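Could you build all of it, start to finish, from the sequences and the hints given here?
Number of protein chains: 2
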Amino acid sequence: MPNVRLVIEYDGSHFHGWQMQPGVRTIEGEIERVLEMVLREKIHPVYASGRTDAGVHARGQVINFFTSQEQPDVLRVAHSLSNILRGQLSVLQADIVPDDFNSRYSSVSKQYTYSILNRLGPAVLDYGKVWYIGSKLDPQRMNEEAKAVIGEHDFTSFRGTGCNAKTPVKTILESEVLVDGPFIRYRVVGTGFLKHMVRNLAGTLVDLSRDFLSLKSMGAILAARDRKQAGVTAPAHGLCLDWVRYKDESAAGAAR
Amino acid sequence: MPNVRLVIEYDGSHFHGWQMQPGVRTIEGEIERVLEMVLREKIHPVYASGRTDAGVHARGQVINFFTSQEQPDVLRVAHSLSNILRGQLSVLQADIVPDDFNSRYSSVSKQYTYSILNRLGPAVLDYGKVWYIGSKLDPQRMNEEAKAVIGEHDFTSFRGTGCNAKTPVKTILESEVLVDGPFIRYRVVGTGFLKHMVRNLAGTLVDLSRDFLSLKSMGAILAARDRKQAGVTAPAHGLCLDWVRYKDESAAGAAR
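As you go down the protein sequences, you meet chains C and G in turn.
With the first letter of the first sequence counted as 1, position 40 gets the number 40 in my numbering; the numbers rise by one all the way through.
With the first letter of the second sequence counted as 1, position 212 gets the number 212 in my numbering; the numbers rise by one all the way through.
Bear in mind the hints are in silico, worked out from the structure with no lab data behind them.
Small disclaimer: the values here were computed from a predicted structure and weren't measured.
Glycine included, every Cβ here is placed at the ideal spot set by N, Cα and C.
Warning: the hint list may mix true and false statements.
Unchecked claim - Derived pair list, reagent style SDA-like, types lysine to any residue, alpha-carbon separation capped at 25 Å:
#: 1; chain 1: G; residue 1: Lys-136; chain 2: C; residue 2: Ile-84
#: 2; chain 1: G; residue 1: Lys-195; chain 2: G; residue 2: Gly-162
#: 3; chain 1: G; residue 1: Lys-129; chain 2: C; residue 2: Ala-236
#: 4; chain 1: C; residue 1: Lys-129; chain 2: G; residue 2: Asn-83
What the hints assert, rightly or not - Stretches of chain G that chain C covers, calculated by requiring three or more beta carbons in the stretch to come under 8 Å of a beta carbon on chain C:
#: 5; stretch: 5-11
#: 6; stretch: 120-127
#: 7; stretch: 198-211
Here is the structure:
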């Protein structure tokens with residue numbers, strides 16, 4: 001059975017997260033609905049590099065599925081998904097990959113960007129894509145604190161409730177805060193992430209900058225291994241999965 | 001009477017252009033409606049650096065108006081506009097300026113960016129903010145052609161019908177095409193622009209890249225002084241007014 005891989009962009013505000021659930025419109029559910037129309041067979045499961053939370057966006061999510069069609073027209077699949085889910089989901093790349101490719105287990109690393117809009121007026125052109133904070137933040141300080149999580153650490157302080165990962169130890173490869181006009185962007189690359197981990201890191205960087213926390217550094221919060229010492233969970237709509245990288249190839253995804 | 005200047009961002013898709021017209025929702029009309037509520041007096045006219053076409057966005061439009069209130073609370077005006085027109089218009093800066101300041105006539109230059117999305121899948125996260133073109137364009141060639149309009153020229157070939165400017169001669173200070181991930185962005189700075197001029201320049205750069213035109217260079221099209229020799233008028237929703245610059249000060253606006 002051919003193994004089809006798609007790189008997709010989606011606006012998380014149109015879906016109740018990735019995972020199929022009865023009675024709600026999810027990314028997995030909508031993709032499977034369209035695939036059944038196009039390929040004339042039930043496609044399940046559709047694998048993803050990771051399940052994004054409700055409201056989280058993606059510019060380069062990677063998914064794969066198997067079809068019984070011997071020579072599936074992957075471009076037709078791509079155009080059908082992009083057209084039927086217009087403005088909500090778009091296919092950026094479509095190809096047939098080896099049988100042993102799995103979008104989740106074959107991944108080596110992935111990048112998320114958390115976007116904050118920090119200025120007088122709330123978001124308009126980036127409405128629903130950024131966390132608006134009117135009070136002045138200190139991006140230089142946030143960048144210094146962001147560096148502290150690089151490496152292999154126990155991320156218990158940044159682990160969301162209900163996380164079912166076997167271990168709270170994760171490896172962060174890159175972590176920095178960049179100023180981009182009125183935006184402050186937290187960019188983080190890791191081999192894997194706990195539930196809500198990026199949103200908790202972003203919220204903690206903001207709360208450190210606002211001086212809302214008892215512990216005054218990312219290092220101290222990390223060492224505490226206590227979720228209560230970290231900051232707020234930043235809202236889902238500021239987060240975007242940029243790309244996923246696989247063995248022996250460059251990153252799949254739209255962002256740089 | 002105090003002269004109040006505001007720097008504003010807006011999403012052009014929510015309005016029928018700048019200028020007040022009976023029976024339609026315009027940016028000028030909505031601003032005057034809110035100002036009357038906040039300042040408890042009829043405010044008219046509200047001056048703008050220029051009237052953007054219906055559908056065109058702004059990240060740094062500059063406007064000004066006079067009020068009879070001796071000490072107007074400009075921050076309250078800013079917050080009221082941003083809150084009442086939430087998601088549609090936002091005030092980025094508010095101050096009181098000298099009487100002789102006029103957002104249109106005091107301006108020295110302004111920058112527009114025309115954004116094209118050039119990849120397999122249509123826009124999702126930038127839906128309504130970019131012109132989606134699926135066929136592969138040649139941004140290097142577009143950049144070379146874009147340079148040809150720098151300087152003082154007769155822009156008759158790029159003048160929209162109904163343009164009431166006294167002369168078709170305009171001065172372009174910067175003109176370039178940049179690649180930004182899957183986006184191709186045409187950035188142009190000028191002292192002033194004719195009606196539809198930036199959209200006609202962007203459409204012509206695209207049509208030159210697609211080899212849709214008889215004349216094969218921007219220079220030849222400019223020299224022809226004939227609108228029929230230039231390319232298509234690019235759709236309004238890909239265009240954004242980034243900033244407006246004034247004498248003796250830096251650019252007012254959100255973009256870099």
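Using C-beta distances, would you say chain C covers the stretch 5-11 of chain G, given that this needs three or more residues below 8 Å?
holds (count 4)
For the pair we were handed, G/Lys-129 and C/Ala-236, check the Cα-Cα distance against 25 Å.
This hinted pair holds, its Cα atoms lying about 22 Å apart.
How about the stretch 198-211 of chain G: do at least three of its residues have a C-beta closer than 8 Å to a C-beta of chain C?
n = 0 at 8 Å, threshold three: violated.
Checking one constraint from the list: CA of G/Lys-195 to CA of G/Gly-162, max 25 Å. Satisfied?
holds, 8 Å
Measure nothing beyond the straight line between the CA atoms of C/Lys-129 and G/Asn-83; if it is 25 Å or shorter, mark the hint as holding.
holds, 18 Å
Taking 25 Å as the top limit, are the C-alpha atoms of G/Lys-136 and C/Ile-84 close enough?
holds, 23 Å
Using C-beta distances, would you say chain C covers the stretch 120-127 of chain G, given that this needs three or more residues below 8 Å?
holds (count 7)
The structure is inconsistent with hint 7 alone, although it conforms to all the rest.
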